[in-house]
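So the chains spell out like this:
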Amino acid sequence: MWMIRAVLPGVWLLCLLLGLAPTAQAQQQTGQGQALLESLDAPSYDAKAEAIEAIIVSGDERSRRWLDELLGGKLQRHKDTGRFVIVLENRSRNWPVIDALTFEDAGEMSRRDLDRIGINNALRGQLQSALAVLDLYTDDVDDRRDAARELLGSVDAPMVEPLREVIASEDDAEVRRLLEQALAIHRLEQGEIEAIADLEGSLNSRVRSALNSATRSDDPLVADAASAALADIEQRLRINSGLETLYFGLSLGSVLVLAAIGLAITFGVMGVINMAHGELIMLGAYTTWAMQQLLPGQPGLALVLSIPAGFLVAALAGVAIERSVIQFLKGRPLETLLATFGVSLILQQLVRTVISPQNRTVVSPEWMSGSLMINEGLSLTLNRLFVLGFALVVFACLMLVMRRTRLGLEVRAVTQNRAMARSMGIRATRVDIMTFALGSGVAGLAGVALSQLTNVGPNLGQNYIIDSFMVVVFGGVGNLWGTLVAGLSLGVINQVLEPWAGAVLAKIIVLVFIILFIQKRPRGLFPQKGRAAEG
Amino acid sequence: MWLMQPFNEGATRLFLGVLLACLALVTVLHLAVPAGHPLHVSAYTVTLLGKYLSYALLAVAVDLVWGYLGILSLGHGAFFALGGYAMGMYLMRQIGDRGTYGDPILPDFMVFLNWDSLPWYWLGFDMPWFAFLMVMLVPGALALVFGFLAFRSRVTGVYLSIITQAMTFALMLAFFRNEMGFGGNNGLTDFRELLGFDLRTDATRLGLFIATGVALALGYVLCRAIVASKLGRVSVACRDAEARTRFLGYRVERFQLFVFVVSAMLAGVAGALYVPQVGIINPSEFSPIFSIEIVLWVALGGRGTLYGAVIGALLVNYAKTVFTGVMPDAWLFALGGMFVLVTVFLPRGVAGLLAYRFKGQGFKRGSNETLSHDISKEASA
Amino acid sequence: MIPSNPYRTPRWLAASLLSAAVATPALAQEDPIKVGILHSLSGTMAISETVLKDTVEMLIEQQNAEGGLLGRELEAVVVDPASDWPLFAEKARELLAQEEVDVIFGNWTSVSRKSVLPVVEELNGLLFYPVQYEGEESSENVFYTGAAPNQQAIPAVNYLMNDVGVERWVLAGTDYVYPRTTNKILDAYLKSHGVADEDIMINYTPFGHSDWQNIVSEIKDFGSQGKKTAVVSTINGDANVPFYRELGNQGLDAADIPVVAFSVGEQELTGIDTGPLVGHLAAWNYFMSVDTDVNYDFIDAWIEYTGDEMAVTNDPMEAHYIGFNMWAEAVRKAGTTDVDAVKDAIIGVSVPNLTGGYAAMMPNHHITKPVLIGEIQDNGQFSIVWETPSTVAGDAWSDYLEGSRDLISDWRKPMECGNYNVVEGSCGGSEAETE
Amino acid sequence: MSFLSSLADRDHVFDFLVPATSPVDVRHGPILYLEDVSVSFDGFKAIDDLNLTIDDGELRCIIGPNGAGKTTMMDIITGKTRPDSGSVWFGSRHNLLTMNEPEIASLGIGRKFQKPTVFEALSVFENLELAMAADKRILPTLTARMTGEVRDRIEEVLETIGLEALRNGPAGILSHGQKQWLEIGMLLMQRPRLLLIDEPVAGMTEQEMERTAELLTGLAGKGKQSVVVVEHDMGFVRSIAGTVTVLHQGSVLAEGSMDQVASDPRVIEVYLGADPDEEAA
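Residue numbers (UniProt numbering), protein chains in the order written: chain A, 1 to 535; chain B, 1 to 381; chain C, 1 to 435; chain D, 1 to 281.
Be a bit skeptical, because a hint or two may be false.
Using 27 Å as the maximum straight-line C-alpha spacing, the simulated DSSO-like pairs for lysine-lysine come out as follows [claimed, not checked]:
hint, chain 1, residue 1, chain 2, residue 2
1, A, K330, D, K45
2, C, K227, C, K191
3, A, K520, D, K80
4, A, K520, D, K45
Interface residues of chain C toward chain A, partial, derived using beta-carbon atoms under 8 Å [to be verified]:
hint, residue
5, I47
6, N214
7, K220
8, A360
9, E375
10, D378
Simulated from the structure, these hints should not be mistaken for lab results.
For every residue, glycine included, the Cβ atom is placed at its ideal position computed from N, Cα and C.
Model the full assembly from the supplied sequences, consistent with the hints where possible.
Pasting the structure below:
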């Protein structure tokens with residue numbers, strides 16, 4: 001293994017520089033290609049490694065494609081004919097394939113007859129860095145940066161010289177810095193103490209690994225220097241981790257807020273204890289899944305579309321619930337709790353029987369996966385970042401609706417004095433429907449967001465219903481601001497506790513805290529004061 | 001003597017009569033009628049009924065606080081489970097060296113988690129009297145502390161319901177932790193004998209069934225006695241017009257606390273009777289969903305009429321048994337539908353229906369239209 | 001549905017609880033062989049267990065197509081324990097006492113097995129348990145067709161240690177008995193192989209844990225200490241999706257810190273976007289991608305049965321496949337479905353598994369299995385990167401726990417003991433007095 | 001020596017043993033005494049340093065437009081609401097601000113709500129029974145028995161409020177006026193020193209009003225109860241005479257006989273002129 005790691009990318013780089021790269025002379029006898037691939041189809045991974053090396057050296061222009069497909073596990077071989085093919089789509093039983101040598105369409109083949117040319121993590125790692133080297137020559141700066149980052153910790157003797165030249169010709173400072181560090185790590189591995197200077201202050205985890213292993217070096221000087229550099233890095237990391245925890249907290253909080261805000265309306269404003277709220281969230285999530293099924297291949301678009309769709313579906317479901325159950329339970333909130341609990345059971349089992357008891361896959365679009373790098377040590381996961389933003393937007397919109405629109409006015413009127421509102425010509429029933437639809441719709445939105453974070457399955461709802469109630473009650477029933485503050489603060493508290501208390505204990509502590517808090521402030525963070533609130 | 005009061009009530013006499021008759025009937029049909037005969041009641045059924053009865057006792061406890069005190073506790077499962085754990089710990093100690101590892105003191109799960117000695121809170125549970133005492137004291141103590149805090153600061157209506165839910169939820173998470181020393185998710189199981197009786201014999205099962213029935217009868221009488229006393233009337237007063245009751249000079253919070261604790265203890269007893277019959281106790285009994293279900297039994301049977309709670313508990317659980325057997329894939333529809341229909345169309349539950357027939361003592365009070373008052377109050381909370 | 005179900009009478013609604021219960025005679029139907037299926041169809045475990053119910057039903061169908069067993073029809077008796085542990089015990093009792101089934105296939109979680117165990121032992125039934133579990137148990141009436149720790153965890157760790165060169169270990173699991181025990185065994189095993197204390201990080205999370213931010217970043221940090229690091233995950237079902245998503249988003253790819261999971265199979269992956277997970281590992285005794293004809297036939301049959309082109313198979317399904325065939329074989333051998341006869345007959349029975357080899361029932365009621373390590377592919381399948389040269393026999397009592405090191409289990413006469421203590425030379429514990 | 005004899009004397013009550021609920025001390029005249037009381041909800045001043053003195057045995061009417069703070073004032077006296085500032089004394093011994101509702105109630109301050117609140121699920125008889133002045137701790141309540149004298153007392157009150165016939169019916173079925181009376185009856189059962197009565201004749205017929213008027217005037221008097229009536233109905237107020245206090249925006253606007261206040265220009269202005277914070281509170 002080690003040997004290959006050493007040789008592989010270097011060789012690749014060398015032949016690039018010697019100019020026999022994918023533009024090289026066209027030795028197009030498929031014979032050679034066949035032979036190269038034959039050698040790939042070897043039992044041992046060492047043999048495979050050598051084969052890969054051979055492919056690289058061959059400078060065959062198809063090699064890049066081959067390596068990519070090999071990496072993706074799509075390069076396969078027909079058991080009987082021994083023909084090499086590239087699988088295009090490998091989900092059902094018969095797979096469309098193209099010829100691996102000519103890249104021409106080869107119809108469909110049954111997965112029974114195909115042998116995958118397997119690689120393992122070790123090989124994968126090396127292939128990646130090999131391909132990374134290639135990317136050093138693309139025009140896109142970001143690709144070059146990623147490539148350079150990929151090379152951290154995988155530089156070796158034969159690469160050093162060529163890399164130097166690359167650095168010389170590289171115009172992007174960031175890429176240069178990264179490559180310098182890559183070299184430095186290599187030099188450090190050779191025991192060069194000066195190398196440490198180049199690594200100081202880098203928060204990149206691979207750099208830290210390198211330094212860490214350097215601290216175990218036999219040369220005491222190197223060891224000390226390394227640990228010194230490390231200490232400095234750790235220092236910076238501490239600040240980072242502080243920020244990180246805060247972000248974690250806010251992100252968890254935003255989830256809680258999203259889940260609870262719909263409840264804050266149905267429960268806080270209408271006084272309806274909707275136990276099916278969780279299932280409405282679930283419906284939103286399933287809508288996202290459905291949209292992605294309808295629009296295969298473009299998860300991003302599907303996700304965007306499912307925002308209105310999710311809202312609608314959940315809202316309609318809400319209306320159905322309101323008409324069929326809740327309207328009969330006016331002024332009996334605790335009864336609504338019981339009835340809607342029944343509804344939630346039904347909805348869950350409905351999903352199980354109609355769709356499936358299994359979880360469904362919801363794909364994250366490109367622009368929502370990965371993370372936004374603030375610095376080498378601190379990066380914010382994109383999906384959560386989006387959810388956080390989404391939560392705030394939803395909240396803002398709700399505030400607008402409640403404060404600025406006719407509906408909001410009527411809602412507040414009806415909740416404060418039904419009879420009075422009626423006599424002033426407000427159609428209370430209609431308002432009820434609208435309010436409940438609104439709350440449910442928001443739940444649907446929560447579902448859409450949650451589909452990006454967690455399971456989309458029949459149990460999705462149950463996992464959030466209790467937390468949601470906690471948040472609303474903690475924040476003060478009937479107060480949207482309360483819900484926002486409560487959700488975010490609970491999230492942060494939880495995440496701050498977690499590192500030293502552990503996940504379970506943290507949650508318990510939070511619950512106990514809520515209980516005690518309610519003792520102190522029986523009406524939550526932002527209670528409604530005055531006689532109106534009294535029984 | 002106030003405890004004897006209920007025996008003068010027609011309704012109570014009727015209820016006790018039916019209950020005891022059923023106990024006798026089942027016993028006879030189980031012992032006298034030969035197996036295979038269509039009228040034979042199998043040991044399986046007996047245990048099942050025993051389980052239902054312990055649920056019924058639990059429902060009575062909940063109805064006492066919800067029906068008569070207007071406190072909707074979504075955390076009574078916690079008291080039930082605590083009682084169950086107290087009993088479970090006793091049963092675990094009874095296993096002695098017959099566990100898989102043959103350790104004379106430590107339960108199996110402690111052995112393979114490398115506990116070298118019993119944690120302090122397991123001490124004494126080898127003595128039945130102590131364990132049975134704990135069955136009531138532990139839930140009682142929790143109720144006392146929790147209730148004291150809650151009622152003192154006048155947490156009412158929905159707020160109270162939600163924090164009771166928080167309480168049981170927190171306890172569930174806590175008991176899931178293996179460090180707690182209660183067997184974590186697996187809980188306590190593999191029980192062998194209770195007071196020297198082998199739990200795996202039908203005779204013991206019948207005994208447990210009868211014991212549960214008697215416990216239910218006693219619990220019912222106790223609750224009726226409380227309800228029929230002046231204290232019961234004060235509770236109803238607290239339920240319907242808390243402020244007014246205060247201005248009459250009653251310390252509402254103390255009355256609430258008293259009834260709450262009594263109810264918690266009853267729930268504990270129910271749990272203790274439940275465990276040896278189902279053969280396992282684990283944190284899932286703490287789950288808020290279970291507590292909500294209990295409330296549903298009461299609502300379905302008819303809130304504010306103790307016997308209604310009993311009917312509700314029996315009906316729902318029987319239905320559950322039947323459905324999960326007859327329509328495994330669809331039983332949740334049936335159950336869910338049942339809850340919806342009853343709450344919407346039978347606001348007074350099954351008891352409401354019965355009430356049209358008889359109009360005896362104890363049927364009048366606490367029927368639902370009189371509840372509208374406190375509920376609209378809860379609405380504003 | 002269940003023709004012989006006593007509750008079928010619509011009377012139940014009208015009739016009071018007792019009278020109806022009284023009117024439920026224990027019908028003893030002679031003709032069909034009754035096979036009880038005890039898997040949750042609702043509640044949290046339905047996600048994993050429903051397919052197992054379908055699997056057994058399919059196997060029964062096939063068996064009947066081949067003319068049943070001993071010339072008798074097979075008949076499935078399905079009940080729903082609803083992921084509710086006490087209900088498991090109750091339903092087991094119903095199956096054995098009321099329905100008088102001849103064998104039960106069922107359970108997933110350890111706790112459900114533990115709650116069923118006393119019932120099965122008391123009523124002397126047969127239970128085939130298809131899921132990998134923590135070991136430390138051997139019952140006369142239970143047959144463990146899933147993997148014991150030495151058939152999954154230990155080989156996986158060996159692979160990581162020797163082939164991947166991992167030196168630093170994160171043992172992450174859901175807080176219940178299976179991960180606890182497995183991690184204890186692994187901890188002991190790793191230490192015995194010279195892994196230092198500070199190179200092992202153990203972490204437990206509650207069921208359905210959905211917020212992994214902190215833990216993943218801890219792992220990330222733990223992994224940046226200059227030693228090759230791997231995560232051994234015993235995280236249970238539902239919690240995996242958010243866990244893997246977080247891994248992907250925080251940029252921990254398999255090349256840096258591989259995760260080897262013991263509870264994530266094809267079924268679970270259907271709920272995950274596997275794109276970011278390519279290269280992470282799982283250790284099982286069967287993968288859908290196993291390249292044998294018997295497996296392809298099984299898959300085809302399964303797709304036929306479910307009518308879903310995308311339907312996937314997984315390890316517990318294979319376990320049921322093996323268990324069912326073993327039981328059928330034993331019944332043929334014994335010429336009767338009588339429990340005791342079958343119990344004796346089944347030891348030593350060996351049937352083909354789906355990976356091209358054979359599975360044999362050991363005297364300790366565990367079976368022999370090959371151990372496969374697979375890497376997750378972008379299509380939700382695993383590509384097998386390593387497998388044990390030969391099959392491994394399941395070990396009821398781990399050699400790495402001092403509590404059970406000296407215990408062995410052998411249900412053949414004359415020993416007939418699930419926990420024989422070779423040091424004291426006595427059969428300590430449970431079965432001693434029930435003989 | 002006298003100390004020893006006092007020890008011997010079993011009826012002697014030591015000062016330090018005198019409980020807070022000892023008879024109210026009215027030697028200095030006023031039985032209720034509010035000074036500079038202020039309270040505000042979310043910035044809105046419901047009571048704005050209010051000063052009010054009720055003499056022992058006095059019958060006092062308090063009028064004022066909505067939002068004048070009448071009900072809030074009652075809340076403060078009965079301990080339901082705590083003022084932001086000011087002091088409230090019952091007699092010259094009891095500082096009401098240090099007590100909770102039950103304590104205040106057992107001191108002998110009874111309150112009738114604006115909206116008649118009786119225990120609708122309980123029978124009229126039971127309503128009165130609960131109101132009865134008695135040991136209201138838990139165990140005594142649990143074991144309480146219906147004695148002859150209790151029964152007599154209840155019958156007596158039933159008579160006063162004219163509900164003998166409906167004795168056993170649930171209070172829920174009573175008419176609005178009857179509920180008002182029942183509530184007053186419950187106050188009487190408490191044997192209070194001070195009665196706070198909020199809008200007693202709201203929704204009553206003429207005759208009912210007259211009966212109520214008699215009832216109230218009958219109650220008040222030296223050594224008996226002092227009565228504070230909050231009422232909108234001028235006719236009724238005039239009919240029961242007594243001193244009238246006009247509240248406006250949380251403080252006293254005018255005080256005196258009905259005729260005096262009726263002729264007071266500011267009062268007229270308040271009642272006729274549109275009030276800025278009509279809907280407030």
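| task | Just pull the numbers of the violated hints for me, sorted ascending. | result | 1 and 8
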